[in-house]
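Enquirer: These are the residues of each chain, in order.
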Amino acid sequence: MVSDPILLFLTIDAVALLLLGTFARLMPPAACGFLAAALCGPGALLCLPSLLLHLPVTALVLPAGPPGLSLHLSLDPLAAVFLFVVFLAGTAISAFQATTSPAATVGNLQVTIFCLAGIAFSLMAADGVSIAFGLAIACATMRKHPVWLATPLLVLVAVCLLTPSGFAPRFDTIRAAPIDAGHATAAVGFTLAAVACLTWPRGGERCWTRDALTAGVVLPAATYLLLRMIADLPGSANQAWWGIVLLLAGGAVAVVQGWRSAEHADIDAAVAALIRRQAGVAMTGIGIALAARAADLPDAASFALAAVFLLSIGGSVAATLASLASHAIGTSAGTYRFSRLGGLVHLMPGTSGALAAGILALSALPPGLGFASVWLVFQAILSSPRTGGLPAHLPLALAAAALAVSAALATAASVRLIGVAILGRPRTPRGSGAQEIPSPVRTVLLLLAGFSLVAGVLPGPILRLLADPALRALTGASANRLALLSFAGTSPGYLALPVFALLALATGGVLLATRRSRPEAKIGGIWSDGMASPAGLPFGEPAAQSTGAGFLPALPAIRFILPPAFVVRVANVSAYRWFGVFGSAATVQPDNDGGLPERPRIATVRPPSAIAGMWLLLAAFAALLLVLAVAG
Amino acid sequence: MSIVLSLLAQLLHIALILLAAPALAGAIDWLDARFAQRSGPPVLLPWRDLVRWSRKIPMAADNASPVTRLAPAVGLGATLSAAALVPSFTLGMALSPLADVLAVASLLTVARVAGVLAALDAGTAPPGLTAQRSSALAVLAEPALLLSMVALALMAGSFNLDPIIAQQREGILLPVTASAVVFTALAALVFADASATDRGADAIYSGIDLATVRMTAWCRRLVLLNAVGGLFLPAGMATADSGPIGWSIGLAAWVCKIGFFGVCLSGAQILAGRIPRRSLPDLIGVATLLALLAIVMVLASGGSA
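Protein chains in written order, with this note's numbering: chain R, 62 to 693; chain P, 409 to 713.
Calculated directly from the structure, the hints in this document are not laboratory data. All C-beta atoms in this analysis are idealised placements derived from N, C-alpha and C, irrespective of residue type, glycine included. Among the hints, a few may not be true.
[As the list claims (entries may be wrong)] Pulled from the structure, derived: some chain R residues nowhere near chain P, Cβ distances all over 10 Å:
#1 G168
#2 D233
#3 C268
[Stated by the list, open to error] Incomplete in silico selection of chain R near chain P, CB under 8 Å:
#4 P427
#5 W436
#6 F439
#7 L451
#8 H454
#9 A458
#10 A462
#11 A468
#12 R486
#13 L507
#14 L572
#15 K583
#16 G611
[Stated by the list, open to error] Calculated pairs, SDA-like style, for lysine to any residue (alpha carbon to alpha carbon, straight line, at most 20 Å):
#17 P:K464 to P:L478
#18 R:K583 to P:S614
#19 R:K583 to P:M467
Build out the structure end to end from the sequences listed, making use of the hints.
Expert: Rendered as structure tokens:
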């Protein structure tokens, strides 16, 4: 049954992608990349009528699958938004692969094509089998750990838990019947596990194709899963504490990934962590929206969900851009290490500018997209319910703190990425040989950069054009009610375009004023505070520049007793990672070089300038004030 | 008519900020010297310095990118944008719809980021070290500023500065204890900002660019004092349509407020001494905790909005 040709064409598009991936080895890689881009581009365009014209929900039944479990597809506003995002990112990645030099391998092209086809199927799915089918294709292609292949099964179980007994696991069946609260809670747990599996950092060898796909395709798909399975399908079974769990988890992800992005030694890993930080912010937004919806506050929910959609639409483009640009820089300069890059603004101006634009959108600086998203989440916190006492409000306060800290960390990470990797002087002879990428590839990056910048300056129109139907469907409130770019009311909100205009006007005024009175500058060599240059390096030692370390404050020392098996000799370790316990990058290794058995001892992890006593005093002070606040 | 008045008030406010920022810097230097029993430098010395620097021939490193050339202008532009949004002697200025507290705080961050990028672009070690230290401190200070602003917004039910100040003036910015806690946090931040006198980044500039960078720092200090004065001591502030008499009263009150806060800042620096660089994180950490506490207090009190 076909109720709309758009859904039929989108289905044909996804099937064509699957066929292209299957027969990719029969054609040249560049042609395969161009064909993939040619399939993804129209896919993104096909989603636009549904979003712009607010077309009704359409459905399609494919006569395939087990008996009685035909594949049901559907195109509603939520699916259309994320299909647009995924196809847009897919177009950019495929075009980049088709034009990059050295050319992408057929294997990498197949990864891109199968991942895009699988995610597209899962976004169009209207039943548990279809969504699991799409996710299975995507997860198998991304070559994750075998445990991570459990993602489709976990999602299928979640859908089955939401389905009334005796019926097929279809979304329309779920919406039509009341859902048991216990089943719904279990489904939320399975969904969270599936999302964790889907987005868990990929270990092993470096693969820029998978990094870019994770940034532009997989993370938006994970956001879609959270929205569909937790915010949409459970309907009235929605409970406020689900939102609290999500906002706390999102806040933790935002802070931890922000910290990693500001301390990692490689630019691609730093960019990947910055992208995951945005996913954490989006998760916080979903959590606040769920809590607000449970309290029947549609305005707060719409602010939070608007932030999620803004991060999904513009953030996905910016993430794809930053991921591809960091790969282009790493390939051309021969290294991804901060300590070996530098001076690329002179050698690769176009790529450097594109990377800077992507990073601006990923950070929380005005007039970037990230700032607009963070502002919307704070606005949702401002509009959140004020009942329930301190236990109900403490998570909101913690979420606000996490957002503020992660915004500062993202700024530090952005400064480090631009200042150390792009600006300054080349730190190595190999780095000074970096060359600008070919113009077709650069054009792809610059187009993405343009979209990121426009989305940052015009967040309101972007939301109204692309996310309004989905916002209406999830909250009942329209994007027009958001205060963005509106002078109406007593609280006009964040006016991105006027703020940008004010900043540009003030900067232009200063430039004009200083240029009028500026005598012609003398060009001189590098000034190193009068210190003599090393022998053979008349222009100073380039390796003496900042290497990207030291952009974070020292953390307080914590004394803890470790069991013998994990005793480490921190003093012998040249560098350690504070958050190494959260990922695979831990550098602290057990050191048992003698024949004597290890005995328990106190290991001290002490950054050089930390003063533990002072921090403990502060914590006690804060606890005392908190008690006073609770006591009224 | 009210549009014309609000525009006029906005222009007067910007002119006032441009005039007062170097004067405040000179006054604080003079006060510092007087508190230390020395004859102080002339109050208008910063103005003379600006003129002197603008006449000098600047030096530019041959490896400097456009970032180095643009950074001073972006820094001063962002700081002036923030300054234009924080009311001084009157409310209801032409740009008041843009005066979002988070945007103001972030514009100050943009100015800092421009300076840090220029320092890293220099290609030498000392400015890079300064940039690292500045970023590490900002990771603590910016959340404190943001959380303070969020606490005030939660109390007022709006992120816009005008309603927050108007409610404070009428005494309905509740709970009062949370307001006092935010004031303490902001005062600690201003004190820490004044103590962080790491001027290594200035070494990369000369001539008119050095004048621009110094003016940025002076404007930043005035913006912070102006924000604290407006948010916690809004007495005497006029409205845009109150006319010349109301504006004059507001102007006199503003001069008194800024003078009072300048004396307090200078006196605190003399009494407590400049905070050593290694202790600044502790002071800023206190400010962050206080701001978080204020948010908890506001949410738990079930305040407005």
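Enquirer: Take the hints in turn and mark each one as holding or not.
Expert: Verification of the hints:
1. Its beta-carbon lying about 38 Å from the closest one in chain P, R:G168 satisfies the requirement of being farther than 10 Å from that chain.
2. Look at R:D233: its CB is around 39 Å from the nearest CB on chain P, clear of 10 Å, so calling it non-interface holds up.
3. Distance check for R:C268 against chain P: the nearest CB is about 30 Å away, which clears 10 Å, and the non-interface claim stands.
4. A cut of 8 Å between beta carbons decides the hint on R:P427: the least distance to chain P is about 5 Å, and the hint holds.
5. Below 8 Å, beta-carbon pairs count as interface contacts, and R:W436 has one with chain P at about 6 Å; its hint therefore holds.
6. Interface hint at R:F439: satisfied, since its Cβ lies 6 Å from the closest Cβ of chain P, which is below the 8 Å cut-off.
7. Residue-level restraint check for R:L451 holds (minimum Cβ-Cβ distance to chain P is 4 Å; threshold 8 Å).
8. Restraint check, R:H454 versus chain P: the minimum CB separation of about 4 Å is within 8 Å; hint holds.
9. The restraint placing R:A458 at the interface with chain P holds, with a minimum CB-CB distance near 5 Å, inside the 8 Å limit.
10. Annotation: R:A462 was flagged as interfacial toward chain P, and the flag holds, the nearest CB pair being 5 Å apart, inside 8 Å.
11. Interface hint at R:A468: satisfied, since its Cβ lies 7 Å from the closest Cβ of chain P, which is below the 8 Å cut-off.
12. Checking R:R486 against chain P by beta carbon gives a least distance of about 4 Å; that is within 8 Å, so the hint holds.
13. Given the 8 Å rule on beta carbons, the hint for R:L507 is violated: about 17 Å separates it from the nearest Cβ of chain P.
14. Interface hint status for R:L572: upheld, as the beta-carbon distance to the closest one in chain P is roughly 5 Å, under 8 Å.
15. Hint on R:K583 holds. Least Cβ distance to chain P is approximately 5 Å, under the 8 Å limit.
16. For R:G611, the interface hint holds, the least distance from its beta-carbon to any beta-carbon of chain P being 4 Å, beneath 8 Å.
17. A hinted pair counts as satisfied when its Cα atoms are at most 20 Å apart, and P:K464 with P:L478 qualifies at roughly 19 Å.
18. With a CA separation close to 11 Å, the supplied pair R:K583 and P:S614 stays within the 20 Å bound.
19. Restraint check: the Cα-Cα separation between R:K583 and P:M467 comes to about 5 Å, which is no more than 20 Å; the hinted pair holds.
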